[in-house]
Amino acid sequence: MLQRLKFSHKILATASIVLIVAFSLFMVYNDYLQRKAITQDLSSRLDELGSSASANIVNWLNGRITLLEGEAQSIQNNTSPEGVFSILEQKAYLSSFEFTYLGHADGQFSIRPYDEMPAGYDPRTRDWYVAAQSQGRSLLTEPYVDVGNGKLVMTLATPVMKNGALAGVLAGDLSLQTMVSIVNSLDLGGIGHAILVNSEGKVLVSPRKEEVMKSLAELFPAGAPALDGALKRVELDG
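Residue numbering for the sequence shown follows UniProt numbering, starting at 1 and increasing by one per position.
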């Protein structure tokens, strides 16, 4: 009888160990599934936020491009000095751009709001003029710090044609503040912050001012994330 009890105890002890191990394995597996589900939910949420922010930025830029191209069409139909200034001074353009200006094919320069240009200033030598002239289409320049107001801006430029010939290049300076507001409004739940980079990997927008205009290679010396158009989750500063 005693031997049977001892044997029963051994079976019970073995069964208990098996149950405990099985339960432990279940907990590990369940934790894995929960982590996987949380990761998938987080990834889906971040992708959704990134897509929404990208769409807002694209819509904002497209609106400015359409506006500037419409302005160029108006100037094409009225290239007299009085006509050009009356168009540049329209409220829609003054409220959408920091400055709008026309570099004339003969080297003259018209700008509103008025800003004093350096002596000998020739718009035809500027990057925005040369690029729009050579490419024959609307384009955006690289961001740069405006000397006058210290703001980070981009220049949107488009050629103005008259009777099949280039009459000049119309341009508008865009403050990046709208893009900053869009990117900084992304609620990441305290797990990090979003940055906006261009196709060359240069940071255009970041809540950390020291990151702006730096390359991803500088921020991630151990290996910059690939740029394939998708939202990326990366670790910075630990």
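Don't read these hints as lab results, they were simulated from the structure. Predicted model, so just to flag it, every value in this text is computed and none were measured. The beta-carbon is built from N, C-alpha and C at its ideal position, and this holds for glycine as well. Any given hint could be a false lead.
Said to hold, decoys possible - Listed next, with one range per pair, are the computed distances between beta-carbon atoms: (1) R124 / G192: 44 to 52 Å; (2) R208 / D47: 42 to 50 Å; (3) A92 / V130: 24 to 32 Å.
Here is how each hint holds up against the structure:
no.	hint	in the structure
1	R124 / G192: 44 to 52 Å	holds, 45 Å
2	R208 / D47: 42 to 50 Å	violated, 23 Å
3	A92 / V130: 24 to 32 Å	holds, 27 Å
In summary, the one numbered hint that this structure violates is 2.
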